[in-house]
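K.L.:
Listed here are the chains, written in short residue letters.
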Amino acid sequence: MRLTALDEVSERLGLKRGQGLAEARAMFPKIDVMDEDGAADQGLLEAIADWCDRYTPLVALDGREGLFLDITGCAHLFGGEEALLRDILGRLLQMGFDVKGAISSSPGLSWAACRFGRGGVIADRVTAEILAPLPVNALRIDEVTIAALYKLGLKRIGDLMPMPRAPLARRFGMHLLLRLDQALGHNEEAISPRRPVAALSAERRLAEPIQAEEHILQLSGQIAISLKSELEARGVGGRVFELVLFRVDGRVFRIAAGASQPLQDPKRISSLFSERLNAVHDDLDAGFGFELLRLNVLQYDLFKTLQGDFTGNGDSEISLADFVDRVSARLGADCLQVVEPKPSHVPERAEIFVPAIAARIVREKTEEVFAFVPRSDRPLRLFRHPELVDAFAATVPDGPPRRFRWRRIVHEVIRAEGPERISPEWWHDAEEAEERDYFRLESEAGRRFWIFRAGHYVAGETAPTWRVHGIFA
Amino acid sequence: MAEHATAQETLFALREQIARLEGKSLPALAAAEQADSAADPEGRKARDNQPRLPFGITQMDTALEGGLPLDGITEIRSLLMGDAGAASGFALSLASYLKARQPNEAPVLWIGDVVSTQEAGVPYSVGFKQFGLSSRDVLYASPRKLDDALWLAETAVASGAVVATILEIRGNPRHFGLTESRRLGLRAKAAGRPLFVLRHAGEEEASSASFRFLVEPAPAAHRHLPDGSMLGGSIGHPVFKLTLEKSRNPAPLSLLLEWNPHDRQFSLGRDAGEAFSFRNPPAHPGARLPASADRQDRAPALGTVMAFERAS
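Line order of the protein sequences matches chains D and B.
The first sequence lines up with residues 812 to 1284 when you count with my numbering.
The second sequence lines up with residues -6 to 305 when you count with my numbering.
Extracted from the complex, chain B is given alone in its bound form (with noise of 0.2 Å):
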């Protein structure tokens, strides 16, 4: 009998080092948890304090469980190169996001990719200090090889000298693949500073990222005049229309995202019903519309969950 239960033990310790490792929370580990919360409620919120940063958005904290993780790799993928303004853009919004709300002077690190540089163009700074970022708040970093880049992202994640790293790549190279990315997600863990992975053009590719979005170009609002109206035809702060690919939550999310430069705040797009033109449909578009019953349904506002019921 005691041998069993030490055998239990031993399997109870395995798992939740398992557990530990993947970052999850084992349903006994939890309910432990819970028990010890209930004696012992400051030391539970102590516990509980994964980094996490949220959006201040309902929908988007409610799929990221929290908000974005500050100790782990997100990553943001573009399916075009042509797409790099837009993957660029919310990358440097994440980045600009996070340094408003941290108080130290430490800058982000953006590691280029060569080949990108050539293609997208150069970071400039001017643009950089109107989106959020001001130009000693970023260092540039020009690695000739990949793995220079990797050893560059691993560094300064480990070193935790920087607020936050931007990581260029293009496309899905053959050097960066699981274990690379594996190592730096554990750096980043151990360091507790993000990484954000920016893959242009890139497929879908299995890595330790807990997020990773796909990005693609949304029209972008229109400018505020002071008396709260909008100036018609006018190009204001941008919008990303952003798919949630990987995350724990099984229904992927949509929605359009629209970057407040000055204020430094994400918000929901607004005219999300007419994101998309008429000579421009989305790929797929049946999927975003409901079935008609007996008459046309106004049209529902993007992203929200259709969940059947269970059947018995």
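Extracted from the complex, chain D is given alone in its bound form (with noise of 0.2 Å):
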């Protein structure tokens, strides 16, 4: 067993990364020690990602203990790089963090100045000269690479980069050349965000933190308003938006919620968050409040302007979808369906349930989808896994039962229909797929029944499987 992470004290001791455990002990008999537990880190880490998400919305991992944030365009919002950086290290360190940070032009350069370097902003004119002292362990490569400079006398930065490069390439690879033009931002070099930015975001910082749902909504309302203009400029509403709710002790919380039709009216956005607040009720913690709220549009689709007119038409359509907005939200998406026909003749294939929020409940009077239309009764309701039945005195060979017994009832058939053959689709079936001949009958008590036998009669095997399918009215 090895160390993989050490505290001041024992920085300061002089134990290192990557020491035997054994090893350790016998320097220092008396230190704590813990089994690592790398989902734990990781889940700290990804907090403090999210945490980050209020300075930018770039966000991105490195590795198990560094986070990159691209902050183009939001230093001014913060006072400067300056204030932005002392910002961010001044309240990671009030949660107890000991954290490093520094604003360069390239990720690389940044990632050196942390963890070699002094960190702090670093301006363009002044990259090479921070650089060159720096080992080259800073350049984010291997160990092997590493060893193989160290042997030639190459340790700092500053050595290789007088060097021929044409030589440099031979002997070590295009990765060394690719990282020194990265630090040295020759090269571009792009983060991976580890969430995509919103299409459109508005936020409200405050400086008394609220707790109570109705502030919540309130303000999430207000923000909606801010959002407004934004989207009647580019004449579209929003479909998926997102509640992010940044708690004063770090913890975000993340609410999305969808609307079947492309919104703008910031009251119907804030009804949606009621209703999904409503449903997450016990999830959301608000512990001493939150100290920032951001409305995030995710995914927006084409405003269609409505007139309102005198009959008062149009409401009919909104109050649908405003209806299917409000169960959805709180019910989830799939709560709420509509089906789909789908083109195959198998009962069970002819439809799919997708989830009324999806499919445009106001739907424009699009074309009618090709779909199997069945010469024969349907009935009702369907079985999803048809159930076996005995069924006793079938007319050999393709003839319906005169009764059957089915959930330990005995039916006694006094009408039927059929029968009604239904192949398999060969093309998603597999060839053993038995025919089915299905039969309409009607019980001695008038229930009707959908019932078929898989398979035929064939003398000297045994007799085919009867099932029940489903009920008509």
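Watch out, some of these pointers could steer you wrong.
[Said to hold, decoys possible] SDA-like, lysine to any residue: derived pairs with alpha carbons at most 25 Å apart:
id	chain 1	residue 1	chain 2	residue 2
1	D	Lys1078	D	Leu1017
2	B	Lys138	D	Leu1095
3	D	Lys1153	B	Lys138
4	B	Lys138	B	Ala199
5	D	Lys1078	B	Ala183
6	D	Lys1153	B	Gln123
7	B	Lys138	D	Arg1195
8	B	Lys138	D	Pro1166
9	D	Lys1153	B	Ser128
10	B	Lys182	D	Ser1130
11	B	Lys138	D	Ser1082
12	D	Lys1078	B	Ala184
13	B	Lys239	B	Leu171
14	D	Lys1115	B	Asn97
15	D	Lys1153	B	Ser127
16	D	Lys1153	B	Gly105
17	D	Lys1153	B	Ala199
18	D	Lys1153	B	Val115
19	B	Lys138	D	Asp1094
20	D	Lys1153	D	Glu1236
21	B	Lys138	D	Ala1067
22	B	Lys138	D	Val1165
23	D	Lys1153	D	Val1165
24	B	Lys138	D	Phe1164
25	B	Lys138	D	Ser1085
26	D	Lys1115	B	Arg129
27	B	Lys138	D	His1196
28	D	Lys1078	B	Glu147
29	D	Lys1153	B	Glu58
30	D	Lys1115	B	Pro96
31	B	Lys138	D	Asp1096
32	B	Lys138	D	Lys1115
33	D	Lys1078	B	Thr236
34	D	Lys911	D	Gly884
35	B	Lys239	B	Glu58
36	D	Lys966	D	Arg981
[Stated by the list, open to error] Far from chain D by the CB rule (all over 12 Å, computed), these chain B residues:
id	residue
37	Gln10
38	Arg13
39	Ser247
What the hints contain is simulated information worked out from the structure, not anything from laboratory work.
Source: prediction; values computed, not measured.
Glycine is no exception: its CB is placed at the ideal position from the N, C-alpha and C atoms.
Quick one: dock chain against chain with the hints and give me the complex.
P.N.:
Printed below as a string of structure tokens:
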């Protein structure tokens, strides 16, 4: 077992990462050792990354112990780069994290300056000066290359910079030069943010944290008002909204809510979240309150401006969309569904359920989807899995049974219609899938069933099974 | 004297309020309205505009005081889970009947119950289409809990976004009692939208539904041939055996109702006389057969009300 991380005291004692545990114990018998919990470390890093969303939407994880923040165009909101860095480091220190940070024009340089230099804000013109005295480890290259460079006496980045490039590339590969160029800012390097950037976003910072749900709703309504003008300018309405709540102690809650129609109206946006908040009620622990609220528009769509008419006919569409949104926000998108017909003659494949919120309830008069129209009657309720029945006295080879037992009740068949043969779809089903002969049966009580026989009666083989697949009115 | 008159007026106002809450018409109120109507027949018509959907069948419409109420709860009950087909069918035929007579494009909301779906099957839209409800006319909801289902029903009814709401319930759950049904009833009244409570395998229970039907399966009608005759042995339009269990009308009504999915129209069951086969007699045969006097009477039409003459 080896040491993977050290605290300040043990670092001062001279212990190193990668050292054997037995060796460390031999040197200092009293050290406390804890098992590494990689998942928890990752979780913590992601929580900090979430918290960093308050500074910029572009936050990327860097390995196990670092974060990249792309602050392009954000620094002035916090009073400049110096102030921004001070704010981040200060707040994280208050939370109990010992953090180093650097701001520069390339991720590679910031990485090196944080870990091997003094950090801080690095101006573009001093890039080479800052980088030159740093060891080659600061270039994010693998151990083998580092060891080889050390062997040749190339210990600092400054030693590499004046070297001719071609021999370096030939000996150590292109990767070394790529990293060097990235650190110097000659080569553009992109960070990969954890979350997609919201199309539109507005936020409100609060001097006094808020806890109550109604305050959150009221504020989100106000934020939505500030979003409205931007939405109108683009001629779009939001389809998926996200409310991001930053709690005082650093936890971040994200509440997403979808709408079936593009929305601009602040009241309707806010009412989406009122249902969502009701649904997530228990999971949303306000603690000491939220200090920052942000409303993101994750997806948007063209907004059709409808002029209201005097008869008020336009209202029914809006109220239906509103109803769908409210239900989907509260009970989940899967709760409310519509049916899409599918071109298949097999009964259970003739339709699929899709969430109403995705299916555009208020459809334009679209052309009818091609669907198989059966010639004979179909039941009102269909069993997901056809249930086995014991059929008695069926007319061999292709007649209906005289009576059958389903769920321990014997039904006498009075009338029967059929058979209707439904073949399996060879392009979906396996070869051994059987043809079904469907019958409509009416029992003496007046109940009507849809029953099929899978396969045929063949002399010398076991009799085919009968199943009930649905019930009629 | 003046005090007495004021008290009378307060009392009258209170009575009026109670009557309005209960949806009844007070005799005095009715008299006053009649006096009004004599003076202003147009106003009377407007005030009398209680939303009702007539069936076009005299017996039914008389028993339902003009038709199916469009601003309240109608309960549809079945005795057994096995009768789920008939009960669902009747609820859907009501929704379809209603949809066919309303010009707007709002859908019908079906709020399913998880266990009923497992027991009696998933609503099948292809079958719905043949039954008179096209696939885009229906919204299916499958809430996990009864509380969610009730919330959903309340929201749907109150929003006025759907033509009709069908709430599927299994048995008599404790959480859906008089209070909840009263609440739903008030919402329905305010929004003027009907709510059909489809109760599978349920007992009779006090609720604020204005009418309650007991639905039992009945043999289907025969198929019509183009020349007007019937095709023997075929299974045609569905027929429901309805019993109006709860209504203001004290005489119970029981009839066979046939649903024509093509015309989206109800009619009285044709072969009412032979509805019950020899092997499966109705539970209380005595109640339906008249006592024979000197000779056997012919079978009376089903559902007629026998009222005795006043003794004095």
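K.L.:
Against each hint, give a clear statement of whether it holds in the structure.
P.N.:
Taking the hints in turn, this is what the structure says about them:
1. D/Lys1078 to D/Leu1017: Holds, because 21 Å separates the two Cα atoms, which is no more than 25 Å.
2. B/Lys138 to D/Leu1095: The hint holds at about 21 Å.
3. D/Lys1153 to B/Lys138: Cα-Cα ~30 Å, so violated.
4. B/Lys138 to B/Ala199: holds, 22 Å
5. D/Lys1078 to B/Ala183: holds, 23 Å
6. D/Lys1153 to B/Gln123: holds, 16 Å
7. B/Lys138 to D/Arg1195: Between lysine 138 of chain B and arginine 1195 of chain D the Cα gap is close to 21 Å, so the pair holds against 25 Å.
8. B/Lys138 to D/Pro1166: holds, 18 Å
9. D/Lys1153 to B/Ser128: Within the cut-off at roughly 12 Å; holds.
10. B/Lys182 to D/Ser1130: holds, 18 Å
11. B/Lys138 to D/Ser1082: holds, 23 Å
12. D/Lys1078 to B/Ala184: At roughly 21 Å apart (the allowed maximum being 25 Å), alanine 184 of chain B and lysine 1078 of chain D satisfy the hint.
13. B/Lys239 to B/Leu171: holds, 15 Å
14. D/Lys1115 to B/Asn97: holds, 21 Å
15. D/Lys1153 to B/Ser127: Holds - the C-alpha atoms of serine 127 of chain B and lysine 1153 of chain D are around 14 Å apart, at most 25 Å.
16. D/Lys1153 to B/Gly105: holds, 22 Å
17. D/Lys1153 to B/Ala199: Given pair lysine 1153 of chain D, alanine 199 of chain B is violated - Cα atoms ~43 Å apart, limit 25 Å.
18. D/Lys1153 to B/Val115: Given pair lysine 1153 of chain D, valine 115 of chain B holds - Cα atoms ~17 Å apart, limit 25 Å.
19. B/Lys138 to D/Asp1094: holds, 19 Å
20. D/Lys1153 to D/Glu1236: Judged against 25 Å, a Cα distance of about 14 Å means the pair holds.
21. B/Lys138 to D/Ala1067: holds, 22 Å
22. B/Lys138 to D/Val1165: Holds, because 20 Å separates the two Cα atoms, which is no more than 25 Å.
23. D/Lys1153 to D/Val1165: holds, 12 Å
24. B/Lys138 to D/Phe1164: holds, 20 Å
25. B/Lys138 to D/Ser1085: holds, 20 Å
26. D/Lys1115 to B/Arg129: holds, 22 Å
27. B/Lys138 to D/His1196: holds, 23 Å
28. D/Lys1078 to B/Glu147: holds, 21 Å
29. D/Lys1153 to B/Glu58: violated, 44 Å
30. D/Lys1115 to B/Pro96: holds, 24 Å
31. B/Lys138 to D/Asp1096: Given pair lysine 138 of chain B, aspartate 1096 of chain D holds - Cα atoms ~24 Å apart, limit 25 Å.
32. B/Lys138 to D/Lys1115: violated, 36 Å
33. D/Lys1078 to B/Thr236: Given that 25 Å is the threshold and the Cα spacing comes to 47 Å, the pair is violated.
34. D/Lys911 to D/Gly884: Judged against 25 Å, a Cα distance of about 22 Å means the pair holds.
35. B/Lys239 to B/Glu58: holds, 13 Å
36. D/Lys966 to D/Arg981: holds, 19 Å
37. Gln10: holds, 30 Å
38. Arg13: At roughly 26 Å from the nearest Cβ of chain D, arginine 13 of chain B sits farther out than 12 Å, so the non-interface label holds.
39. Ser247: Holds, because the least Cβ-Cβ distance between serine 247 of chain B and chain D comes to about 15 Å, which exceeds 12 Å.
When held up to the earlier numbered hints, the structure conflicts with 3, 17, 29, 32, 33 and fits the remainder.
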